[in-house]
Structures are given as structure tokens and as C-alpha cells.
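Peer 1: Residue strings, one per chain:
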Amino acid sequence: MQAQTEQTEFGYNSKIEGDVVLTTVDAALAWFRKNSVWPMPMGLACCAIELMASGASRYDISRFGSEVMRFSPRQSDCMIVAGTVTYKMAGSLKRIWDQMVEPKWCIAMGACASTGGMYRSYAVLQGVDNIVPVDVYISGCPPRPEAVLDALMKIQEKIGKQPILQNTVAAKLLNLSEK
Amino acid sequence: MKVGDAQKIAEVCRAAKSLGFNYLVDICSMDNYGDDPRWTVVYHLRNIVTGAEIRFKTDVSEEKSELPSVIGVWRTANWHEREVFDMMGLRFTGHPDLRRILMWEGYPHHPLRKDFPLAGKPTDLPGVAFTRVTPMEGGPFVTIAGGNDSIAREPRVRNPED
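Chains as they are written, first to last, in numbering that gives the first Met the number 0: chain A, 0 to 178; chain B, 0 to 161.
If you're looking for bench data, these hints aren't it; they were derived computationally from the structure.
From the three backbone atoms N, C-alpha and C, an ideal C-beta is built for every residue, glycine too.
Be careful, since some hints might not be right.
Quick list of in silico lysine-lysine cross-link-like pairs, DSSO-like style, CA-CA up to 30 Å [stated by the list, open to error]:
id : chain 1 : residue 1 : chain 2 : residue 2
1  : A       : Lys103    : A       : Lys93
2  : B       : Lys63     : B       : Lys120
3  : B       : Lys16     : A       : Lys87
4  : B       : Lys16     : B       : Lys63
5  : B       : Lys113    : B       : Lys63
6  : B       : Lys120    : A       : Lys93
7  : A       : Lys87     : B       : Lys120
Residues of chain A placed beyond 10 Å of chain B at every Cβ, according to the derived structure [what the hints assert, rightly or not]:
id : residue
8  : Ala47
9  : Phe63
10 : Glu66
11 : Pro132
12 : Asp149
Go ahead and model the full structure; you've got the sequences and the hints to work with.
Peer 2: Here is the structure:
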């Protein structure tokens with residue numbers, strides 16, 4: 000089982016000898032990735048309005064690199080599920096998640112997407128994490144745009160720590176990744 | 000407010016439309032669970048010019064569970080009748096496209112009947128959709144009236160008092 004190495008943006012990872020160059024390239028690549036997370040707004044209900052607000056000029060989401068809200072799953076990095084997920088919509092949502100290209104992350108925005116919210120009924124999926132793997136949950140009904148930006152920052156932290164080149168085929172061939 | 004015979008509802012509605020009630024506001028249905036004509040279908044009509052409203056109620060028994068569609072009178076009844084079919088299971092004869100509108104096709108139950116639990120029943124249509132029973136955690140979260148503060152009024156868990 001390969002251990003995920005934590006890394007910082009500055010400095011070396013001293014655990015891996017001779018791996019200095021790859022680690023900092025990883026850190027640079029991770030920095031590029033995390034500062035250009037293009038969200039895919041799965042805006043289903045009222046939380047979508049707060050998502051629009053966080054994309055508008057006052058709580059600008061493009062300050063953090065999410066310059067555009069790409070509605071196409073092929074062109075986006077992070078799916079923000081904003082709103083109540085019904086069982087009927089869950090099929091389409093899973094399909095769009097499957098169409099998104101790796102690497103992808105998911106933010107469950109609001110109470111309904113995280114746990115089903117106040118809708119405990121026959122028609123509402125109790126939490127979108129039943130069908131997609133969620134990275135960050137935002138609570139609130141609806142959450143303030145600042146909470147959405149905070150979640151985006153947490154995703155950025157998570158992306159900043161992901162090893163990228165260490166997991167490639169070339170690195171494994173050169174025996175440069177940790178075993 | 001009138002109660003009519005279910006089979007004549009289309010003619011009654013046509014007559015009402017000719018009297019000036021040209022706007023169908025809503026078609027809804029009631030489940031009289033335990034009473035003999037189990038379904039009651041309610042039509043709300045409105046006269047846009049004068050603002051007068053009228054309500055028709057017809058009873059349909061459970062064995063029949065069918066009544067004529069009023070699509071010939073107002074085309075908007077299409078979706079209202081589909082919703083009644085989806086939620087209650089009442090069929091409308093003469094409806095061109097009677098299929099489910101809120102739940103997905105192939106869903107086996109009719110959710111707004113009184114013998115259907117709020118938490119839902121588990122179903123599985125592989126490749127289409129699924130449902131699970133919802134954890135209710137102490138019943139529907141209704142508030143208790145007249146508490147001193149909002150903590151007393153909105154309990155975190157409320158056991159349904161019978």
C-alpha cells in the first residue's frame with residue numbers, strides 16, 4: 000500500500016532521499032492545480048442562489064481561481080452539489096459525476112446535499128455521499144457565500160497536499176515513489 | 000362548491016367553461032382512507048374576468064379508481080392529472096400520455112396515499128433509480144407551540160405524542 004506523502008510548498012521532503020526534484024515539481028503542480036479549480040455547479044435548489052452569489056462580484060469566487068463555472072463535466076474539476084437531491088435526480092447526478100475527468104473533487108453544499116436536510120421523505124436522497132464521494136461538506140440552509148469560499152479553500156488545501164508525479168507510471172518505473 | 004357524479008365531470012367542466020370559468024386553477028385529490036368512496040378529486044376553476052371561483056368535488060370508489068379526463072376542456076389538465084395519477088393512482092380515461100410526473104417511471108408505489116409512510120419504502124430499479132427508507136429520528140420535526148424560547152419550541156428530537 001503506497002503511503003501518501005505530505006508535502007509543503009517550500010522545502011524538501013526529507014523522508015525521500017534523492018527525491019528532491021520530484022517533490023518540488025509535485026508541489027508546483029499541486030499549486031497550479033489548486034489555484035485553478037473550476038467548479039461544476041450542480042445547482043439544484045435554493046443553495047444554487049447562494050452559489051451564484053459567491054460567484055458574483057461581492058464574494059468573488061474567481062479570486063480563488065474558480066474563474067468560470069463550467070457546466071460541462073469534461074471541463075471542470077470540482078462538482079459543487081448545491082441543493083436537494085431527489086432520488087429522481089440522483090441518477091443524472093451520478094452520471095455527470097462519472098463523466099467528470101480525474102482528478103475531481105466534490106463539495107456537498109448545504110444541509111440537503113450533505114444529509115438530506117429537512118426533507119426526510121420518500122423522495123429525497125439522504126445525502127449525496129450515498130452516490131458520490133464527497134470531500135467537503137458545507138452546513139447551512141443555505142450556507143453563506145463565505146462558507147462556500149471556506150470550503151473551496153479547504154479543497155485547495157487538500158489538493159495542495161496530493162502527490163501528483165509520484166504516482167505516475169514513469170515514477171514507478173524509476174523507483175522514485177515510496178513503496 | 001358542488002359534488003358531482005364522477006363520470007360526468009368532463010361535461011360539467013365544459014358547461015362551467017361555457018359559463019365563463021375558463022381557467023383551471025388546480026386538480027387535486029384526497030385519500031379518504033377508511034371511507035367508502037376512497038378518492039375525492041377536487042377541481043378548482045376561476046373566471047379570470049370577474050374573479051369568481053368555483054370548486055367541484057367528485058368521489059371515486061377504490062374498485063373503479065378511474066374517471067374521465069378534462070383535457071378536452073383545458074389542455075393544462077394534462078400535468079395535473081398526471082400528478083394525481085402519480086401520487087394517488089387514479090387513472091384518467093382519455094388522457095393521451097398518462098405516466099408518472101414526479102417519481103420516475105417504474106416506481107411501484109403511489110406516495111401520497113395515506114397508507115404510504117412518510118419515510119418511504121425501499122425500491123430498486125437497477126440503472127434507473129433507487130430509494131431507501133429515510134431515518135426519521137423521532138418523527139417529523141414539528142414545533143411545539145407556546146414555549147418560552149425557541150429551544151423549547153423547536154426540540155431537537157420530538158417523539159410523536161399520540
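Peer 1: When you check the alpha-carbon spacing of lysine 120(B) and lysine 93(A), does it fall within 30 Å?
Peer 2: Roughly 21 Å separates the two Cα atoms, so the pair holds.
Peer 1: With the threshold set at 30 Å, check whether the alpha-carbon distance from lysine 16(B) to lysine 87(A) stays at or below it.
Peer 2: 36 Å, violated
Peer 1: Far enough from chain B: is every CB of that chain over 10 Å from the CB of glutamate 66(A)?
Peer 2: 35 Å, holds
Peer 1: Would you mind confirming whether the straight-line C-alpha gap from lysine 63(B) to lysine 120(B) stays at or under 30 Å?
Peer 2: 25 Å, holds
Peer 1: So phenylalanine 63(A) supposedly isn't at the interface. Is its beta-carbon more than 10 Å from every beta-carbon in chain B?
Peer 2: It holds; phenylalanine 63(A) is separated from chain B by about 35 Å at its closest Cβ, greater than 10 Å.
Peer 1: Would the hint linking lysine 87(A) and lysine 120(B) be met if the CA-CA limit is 30 Å?
Peer 2: 15 Å, holds
Peer 1: Regarding the assertion that proline 132(A) does not contact chain B, is the least Cβ-Cβ distance greater than 10 Å?
Peer 2: Check passes; 18 Å lies beyond 10 Å.
Peer 1: For the pair supplied as a hint, lysine 103(A) and lysine 93(A), confirm whether the alpha-carbon distance does not exceed 30 Å.
Peer 2: With Cα atoms ~13 Å apart, lysine 103(A) and lysine 93(A) stay inside 30 Å; holds.
Peer 1: Hey, is aspartate 149(A) genuinely clear of chain B, shortest beta carbon separation above 10 Å?
Peer 2: Given that every Cβ of chain B is farther than 10 Å from that of aspartate 149(A), nearest at about 25 Å, it holds.
Peer 1: Going straight from one Cα to the other, do lysine 113(B) and lysine 63(B) come out at no more than 30 Å?
Peer 2: Judged against 30 Å, a Cα distance of about 18 Å means the pair holds.
Peer 1: Does the claim that alanine 47(A) lies outside the interface with chain B hold up, using a Cβ gap greater than 10 Å?
Peer 2: Alanine 47(A) is indeed farther than 10 Å from all Cβ atoms of chain B, at 20 Å.
Peer 1: If you draw a straight line from the CA of lysine 16(B) to the CA of lysine 63(B), is it 30 Å or shorter?
Peer 2: 27 Å, holds
In terms of the numbered hints stated before, the structure departs from hint 3 and from no other.
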